[in-house]
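Chains as they are written, first to last, in my numbering: chain A, 7 to 198; chain B, 63 to 281.
By construction, these hints were calculated from the structure, which means they are not laboratory data. Treat the hints with care, since some could be wrong.
Unchecked claim - Okay, derived cross-link-like pairs now, DSS-like style, lysine-lysine, Cα gap no bigger than 25 angstroms in a straight line: (1) B:130 with A:73; (2) A:175 with A:73; (3) A:62 with A:94; (4) B:130 with A:183; (5) A:156 with A:183; (6) A:175 with A:156.
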Amino acid sequence: MTDEEILRAICAGGRPREAAVVALYRGHAQPLLRFFVHQGLGPDDARDLLQDTVVKIVRGAASFDGKGAARAWIWQVARHALLDFVEKRSRLAAREAGLTDEQWSVLAETTPSHPATDGAQGVDDCVAAGLEAFAREMPERAYALTLQMKGLSVAEIAEQLGRSPGAAKEFLSQCRKKIQPFIAHCMALLRA
Amino acid sequence: MQPQVQDPLPMLARGVGVTDDEAADAPWHAALAGRPDPQADPVVNAQASALRDALRRREVLLEMQAPKADEALLQQVQFRLRREGLTGRYPAAALATRWPMWGLAATVVLGVAVYLATMTQHTPPDAATDVLRGGAGSALELRVADPQARLVSLQAALQAAGATPRVTPLPDGRIRVEVAATPAVLDELARQRLEPQVVDGQMTLLLVPTAPAGPERRP
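Here chain B stands alone, though its shape is the one from the complex:
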C-alpha cells in the first residue's frame, strides 16, 4: 500500500513553531499555486482559486501585449551597444596583458593595425559637425550647414555599405534620405554616430539646413 503523499505547505501551516502569519499564508499560497488543501477554510481556498484564475487570464492578455524578443530587437540592442562604444572595439587593457608575448614584428603589425583601425573607425568630419534632432515622426533630423554637401558624403558612405538610398529634395532646402536598415548600413551610420529609428526595415534621415535656403522673405 502506497503511503499517502501530502502537500508540505499545509502540513507546515499546522506544524509546531509556525507563526500565525505563516499559518494563514500557507493554505492561501498553496491554493494560489494550484495546490489547494482540502482541509483548509473553503473561503480561503475559493478566494485564492478565483485570484489564480484571474491571474491566469491576465497573464494571457499581457503575454499578447509583450513584444517578442526577435532578431530585429537583438540587432537594435547590438546597435545601441556599438553606438555607446561598449562593443565593436577591443579594450586596450586586453591587448596590454598580451603585450609581453609579442615580438618586434608583432609590434609593427599592431602599430599598423591600430593606425588602420583608428582611421576606419574615426568619426567622419561631416558627422562631427552634425546637430541631431528628433525630427518629425520616425525621421532622424540632421541640421547641417550645407545639406547638398552632406548628402554627397552620406550617399557615398551608404553606397559603400551596399545600400541604394532614395533621395528626395524637399521645400526649404531640406533633403530626405530613405535607406534600408541592413547590418552594414547600421554599422556605417553607427560609425557616424547616427541612430535613426527603424520602421519596417527602413530608416529615414532628414538633412535640414541650419539657415533657410533661398531668398530671404519679408512679411
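Bound-form chain A, shown alone:
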C-alpha cells in the first residue's frame, strides 16, 4: 500500500481505514520514533507523540490535496505534532523550536566556542562534544546532517524536513555554517 493509498483509505473510513492505519504504522512508525528521539524526546514521550501523530494524520487525511507527495505530508504532520508536543512540555523548548533562521544565526554567533579541549583530547572527541551541544540547541539541523551522513538524497531529506528540495538544499547549507561555531575550533587539534 503506497502512502497515497493509505491516505485515501483513511478518508474512506470503516475497515479500509483500520487497515490503512496498520499499513501506516508498519511503514512509518519506526522512522518517526527515531526522528522524535533525535529531536531530544525520551522513549515514553516518543511513544506518546507517535500516537498523537497518527491521530492527527487520521483526522487530517481529508485535507491532503494530492498535489504533493503523501510521504512529505505525513512527515509534515509529524513535525507539527512535535512542535505542539514540545510547546505543551516546555515553554523554553517551544521558544527554541519556533526560532527563525535569523534568530538561530544570532544564537549561533553568540554561542561561545567550546574550550574544553586540550592537547590530549582528540579531534574526534572534540567534534563529538561540539555535535552534542549543537544537537541540543538545534536538533532539527543535527537530524538533517544525520540524514545527509546516511547518504540520503536532497529530495529524500526534503520529504522528512517537510520542505521543498530547493529549501532543503539551502537548509543543509545553513546547517554547515551553523555547526561551525561548535566544531571549527577542533581543527586546531589537527594542525597541532
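Using the hints, position chain B against chain A.
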C-alpha cells in the same frame, strides 16, 4: 579503457555559474556523505569526516534509545484511535452513498443493525458518571459514588470480555482492580471511555469513593 567516473558534487563545485556558497558546500557535504573529493581542501575533508564519524556514533546511541515499533505499541495506537472515535465505527456518509442500492428489506436489516450497534456501543450509564483522575503510579483512578456497585458492573463487563480481574479492597473504601490487557478487555474499557496505562501487559483501575467511607473522623 574504462572512463574515470568522478563524483558529481565536487565537479559541480568547480563548474561555471556556481555560487560561492555552493562551491563551499559541495566538498563538505560530499565528505559528510562519505564521498570526499581528494582534491578538496584537506581541512574541509577532515572536518566533515570527523563530523561524519561523530554523527554515526551518535546515531548508534540514539538507535538504542529509540522505542521499537512493535505490536504492543500498534495496539496502543489502535486503542487511542478507537477511544477518540476515529476507528471501530462506520461513518454515516459511507452508508448514505450506498443507500439507493438497498431495497426495503435492506432498510429493515439496517434499522435492526443500527439499533443493535447503538445498544452495544452505548457508553454504560455507570461509565457516564465516572470521574477520571490520573491516579498514583500507573493506576487509573475512577471517582465514583458507590465503588461496590461500580465494581459489580465493571467486573461483569471484564468477565464478559474473558478476563478474570483481581480485586483488592483497600482502606478508605477504595477498591483496586487489576486485569490483563487483552484486546477484548481493551475494547470493553474503550467502550466505557477508560484507557488505563498498560504495564507489563497488566492494567490497574482504582475505584475511589467521591465521599469518604466509614464514620466521620473528628480531630
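Outcome of the hint check:
1. B:130 with A:73: violated, 32 angstroms
2. A:175 with A:73: Roughly 21 angstroms between the alpha carbons, so the hint for residue 175 of chain A and residue 73 of chain A holds.
3. A:62 with A:94: holds, 16 angstroms
4. B:130 with A:183: Violated - the C-alpha atoms of residue 183 of chain A and residue 130 of chain B are around 34 angstroms apart, more than 25 angstroms.
5. A:156 with A:183: holds, 19 angstroms
6. A:175 with A:156: holds, 16 angstroms
Of the numbered hints stated above, those contradicted by the structure are hints 1 and 4, listed in ascending order.
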